[in-house]
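As you go down the protein sequences, you meet chains V and H in turn. Residue numbers for the first sequence, in our numbering: 1 to 399. Residue numbers for the second sequence, in our numbering: 1 to 227.
Bear in mind the hints are in silico, worked out from the structure with no lab data behind them. We put the CB at the ideal spot given by N, CA and C, even for glycine. Where hints are given, some of them may not hold.
[Stated by the list, open to error] Okay, the calculated beta carbon distance ranges per label pair: (1) 289(V) / 222(H): 45 to 53 Å; (2) 297(V) / 73(H): 24 to 32 Å; (3) 178(H) / 12(V): 32 to 40 Å.
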Amino acid sequence: MFTRDFLRLTGSALIAHRLRSFLTTLGIAVGIAAVILLTSIGEGIHQFVLAEFTQFGTTIVGINPGKTSTHGASTGVFGTVRPLTLEDAQALQRLPFARAVVPLVQGNAEVEAGNRRRRTTVYGVGAQMPQAFSMQVKSGRFLPADDPSAPRAFAVLGSKLRHELFASENPLGQRLGIGGSRYRIIGVMEEKGTVLGFDLDDTVYIPAARALELFNRDSLFEIDLMYAADVRSETVVKGIRNLLLARHGREDFTITTQEQMLDVLGSILNILTFAVGAIGGISLLVGAIGIGTIMTIAVNERTAEIGVLRALGARRAQVLGLFLGEAMVLAALGGVVGLVAGIGIAQLLHLLLPALPVHTPWLFVILAETVALLIGLAAGVLPARRAAGLDPVEALRGE
Amino acid sequence: MIELHQVHRDFLVGDQTVHALNDINLTITAGEYLSIMGPSGSGKSTLLNLIGLLDRPSSGQYLLDGEDVTTLGDVQQAHTRNRRIGFVFQAFHLVPRLTAAENVELPLILAATPPQERRERVAAALEALNLSDRARHKPEQLSGGQRQRIAIARATITEPAVLLADEPTGNLDHQSGGDVIETLERLNRRAITLIVVTHDAELGARASRRILMRDGRIESDKRTDRA
Ligand SMILES: Nc1ncnc2c1ncn2[C@@H]1O[C@H](COP(=O)(O)OP(=O)(O)OP(=O)(O)O)[C@@H](O)[C@H]1O
Ligand SMILES: [Mg+2]
Chain V
1 MFTRDFLRLT GSALIAHRLR SFLTTLGIAV GIAAVILLTS IGEGIHQFVL
51 AEFTQFGTTI VGINPGKTST HGASTGVFGT VRPLTLEDAQ ALQRLPFARA
101 VVPLVQGNAE VEAGNRRRRT TVYGVGAQMP QAFSMQVKSG RFLPADDPSA
151 PRAFAVLGSK LRHELFASEN PLGQRLGIGG SRYRIIGVME EKGTVLGFDL
201 DDTVYIPAAR ALELFNRDSL FEIDLMYAAD VRSETVVKGI RNLLLARHGR
251 EDFTITTQEQ MLDVLGSILN ILTFAVGAIG GISLLVGAIG IGTIMTIAVN
301 ERTAEIGVLR ALGARRAQVL GLFLGEAMVL AALGGVVGLV AGIGIAQLLH
351 LLLPALPVHT PWLFVILAET VALLIGLAAG VLPARRAAGL DPVEALRGE
Chain H
1 MIELHQVHRD FLVGDQTVHA LNDINLTITA GEYLSIMGPS GSGKSTLLNL
51 IGLLDRPSSG QYLLDGEDVT TLGDVQQAHT RNRRIGFVFQ AFHLVPRLTA
101 AENVELPLIL AATPPQERRE RVAAALEALN LSDRARHKPE QLSGGQRQRI
151 AIARATITEP AVLLADEPTG NLDHQSGGDV IETLERLNRR AITLIVVTHD
201 AELGARASRR ILMRDGRIES DKRTDRA
């Protein structure tokens, strides 16, 4: 049999029962639309979150005190961890691939300027922070490269804190009190917005040594190291580990590359996308049952036709193919309708709620249509096998 | 040529065996016109289905043109039905959603005959039956006699050597039944082997060879030499 004739025969059978074919197709279409819509939103969020993270650059390695084992427990809890110090940061600076090294201490404190007070996030950092995190100074300058152990009391404001404390006044050169010490404001940062709920503008940056003192700590939270783009991250990790091992005598620190972080984040987000896709898949199951039911009814209705086909010289395999073909055409049509509807609704949602990112990768489109076809195959196989297995004499007699 | 040797066909109904065909020995030469008559349940349809390869004997041998066809696989059986055997049923069994022409075309579609050749042959077959103007009609738009003649065109479109008809006029009035029989007999005069099962004595008497069945056996087998 030619493919064209095959399609004509299956087509005529489906058209003969327009309404029923339409409803069955709708069942699959709803399922595919749900899968595409949900995975489009999932993938949109995925890309959005990754973009948020990579805006700080991808050639960054974070070093934290304490060794995180694969079980997630930190040996630091048991107390034999050496602190990460400013000297460690200075030593890391001398590594050949290090472009920028930023010691980091973070805490909350009340700041005051004139008669205004505000609780805000205080970051103790190094002079190279803007470079490492691709951040821009809006006015004035960033913290200077003072002697890290005895830096001058300078502060740089985030844009929101600047507005809260000074409104339209010029803050540069003004005094700022943080936890009883006095700082001179030398710069204001460009607006950065919020990342995953953290307001990066309601902040003040001071030298790390002063922040350690302020929060009464002896260890940095973290040291971030930006490396040259042409160096492999493995080389960087090895260099850092060797250096810190020599300084600490044991591996009481954890090195996390941005790559690893993105990997972990990416796989979490993939699971999320997959999970919402699977939820949509439940409605596909319902569609599949619809096809199976309709095909079973069709085989029962058309036993005489099956008998005639056999009498006219149709092989069992041809009968099987014809009924399987009907199931798959139903599913494939449903798939296409569902794809169009799913993508359409996703785009519409994005128009109505611009904050909701959506993205439909081609892979999902192809995958969804393939799944639809497989569903047609799976749902059609039992009825079609029954049709092919019918005894032609019985089939012709059954009126 | 059709040869049946000691053919039995048994059906198991519950714990009872029904001998639908009981030791049938029958030779039918090419071009014969044969009628099969007998009371209901005597095994006429069973015999016809067996000759048409829709069924297999429980035991015995069936030779078609000297070749043993009882042991053929599904693919070869289907091929044989398609090329060498035509079927006409009491209930017509046209596919309701296809037009008259498409119904006639079906065996050629199954055999993957090229579309151009198909069109020509279908047109010629409809022309020969004076049904050209009904080509695009659906079965429901045709009279019973027209439907049966479409079914005959469908059964003979692959030019089979044997045409099997199981009560072909059973659902027709006298007039259209006559048309159908004439159509069948015309085909027989052009050398097709025609086997007709019928309850109609008048109709059965028209055949040059008449078989009477009873309880799965051939009770009598009469011939009249053609004039
Ligand atoms: N599939 C089957 N299962 C059980 N018994 C069957 C089956 N097919 C036929 N028979 C039996 O075989 C016998 C012959 O049946 P068959 O249909 O050949 O009769 P027939 O001569 O064609 O009758 P009719 O003139 O009524 O069509 C009957 O007794 C019937 O009950
Ligand atoms: Mg019968």
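Results for each hint:
1. 289(V) / 222(H): 45 to 53 Å: violated (60 Å)
2. 297(V) / 73(H): 24 to 32 Å: holds (31 Å)
3. 178(H) / 12(V): 32 to 40 Å: About 33 Å separates the Cβ atoms of residue 178(H) and residue 12(V), which means 32 to 40 Å holds.
Comparing the model with each numbered hint stated earlier shows that hint 1 is the single one that does not hold.
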